[in-house]
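**Q** Residues per chain, in single letters:
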Amino acid sequence: MVALPLFDVVMSSDRAERSVDVADRLVDGALADLRQIEALEEGLAPAGLTQFDRQTVALLRGMYEQWAHESRSVLDRVAQAERRFGKVKGGDTLRDALGRTLAMLSVSIDDMEASRREITEGRIVSAEEVRRELRVHAQ
Amino acid sequence: MSYGYMLSERALAGLRKMELWLQEETLDELDRLTAQQPFPGRRIGELIVRDFVRERGTNRHYVFLTLFPNAPAQTLTVSNIGWCVLPQQTDT
Chain A
1 MVALPLFDVV MSSDRAERSV DVADRLVDGA LADLRQIEAL EEGLAPAGLT
51 QFDRQTVALL RGMYEQWAHE SRSVLDRVAQ AERRFGKVKG GDTLRDALGR
101 TLAMLSVSID DMEASRREIT EGRIVSAEEV RRELRVHAQ
Chain B
140 MSYGYMLSER ALAGLRKMEL WLQEETLDEL DRLTAQQPFP GRRIGELIVR
190 DFVRERGTNR HYVFLTLFPN APAQTLTVSN IGWCVLPQQT DT
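Protein sequence lines, in the order shown, are assigned to chains A and B. In this text, residue positions in the first sequence follow the numbering used here: the first is 1, and each later residue adds one. In this text, residue positions in the second sequence follow the numbering used here: the first is 140, and each later residue adds one.
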């Protein structure tokens, strides 16, 4: 995120309107970057359940990780701007996008690959069984 | 007509990592999802990517699901479940 130092300079100038405007633009940029990664992922998708391109998945995952890292930096700046000057448009959307991305990254590549194998081998559990187990634990 | 759904062993392991209330929310979400057609969510080849958010206390819980539909069998199989918690942003 090349514009972060610019934001820091603008923030130090104490001009509310400019700071919020730059924060808005940083948020828009981060969300656009995410859409681009998602579009790449959709374009490079394997054709079927049994095909898993580990190298491509790993590269895309690296892009998501880099995006999450940079978005945290943007959100730090957004929080600074919001504390001093009020709400930044799109800040909540970026926070949710980061949360969704981190949830996605919590699934490892090994688990992604293994789950496909489980499905093709019929190693699956019915919804009824899962509900039943949950009810037992809830009691 | 509603699809049935099932979970891979990895998806079940992912589900079990979550708190019980969120496990129930996830199954409820899957019930809602299987009643809708076309299924909402992002498509990556055959895979459907779906996520949802729940608030609890001061936290926002993000749940990530990947699903493979099987139209002839009218089933959805959840391949993986991921989860992340972030503190809820308080208004300034």
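Treat the hints with care, since some could be wrong.
Now the stretches of chain A that chain B is said to cover, found in silico as 3 or more residues with beta-carbon under 8 angstroms [what the hints assert, rightly or not]:
1. 21 to 31
2. 34 to 45
3. 59 to 65
4. 97 to 108
From the structure, some residues in chain A lie toward chain B, with a derived Cβ separation under 7 angstroms [stated by the list, open to error]:
5. LEU4
6. GLY48
7. GLY90
Restraint ranges, calculated between C-beta atoms of paired labels, are given here [stated by the list, open to error]:
8. SER12/A <-> ALA152/B: 23 to 33 angstroms
9. THR197/B <-> SER12/A: 44 to 54 angstroms
10. ARG182/B <-> SER13/A: 39 to 49 angstroms
11. ASP21/A <-> ARG195/B: 40 to 50 angstroms
Just so you know, the hints here were simulated from the structure itself, not pulled from any lab data. Every value quoted in this text rests on a predicted model; they were computed, and no experiment measured them. In this text, a Cβ means the ideal position worked out from N, Cα and C, and glycines have one as well.
**Q** The structure should be examined with respect to each hint, and the outcome stated for every one.
**A** Each hint tested on the structure:
1. 21 to 31: violated (count 0)
2. 34 to 45: Held - the stretch 34 to 45 of chain A has 4 residues with a Cβ nearer than 8 angstroms to chain B, which meets the minimum of three.
3. 59 to 65: violated (count 0)
4. 97 to 108: holds (count 9)
5. LEU4: violated, 20 angstroms
6. GLY48: OK, holds: GLY48/A within 7 angstroms of chain B, min 6 angstroms.
7. GLY90: violated, 13 angstroms
8. SER12/A <-> ALA152/B: 23 to 33 angstroms: This hint is violated: roughly 48 angstroms between Cβ atoms.
9. THR197/B <-> SER12/A: 44 to 54 angstroms: violated, 31 angstroms
10. ARG182/B <-> SER13/A: 39 to 49 angstroms: holds, 45 angstroms
11. ASP21/A <-> ARG195/B: 40 to 50 angstroms: Check failed, 34 angstroms falls outside 40 to 50 angstroms.
Going through the hint list in order, the structure does not satisfy hints 1, 3, 5, 7, 8, 9, 11.
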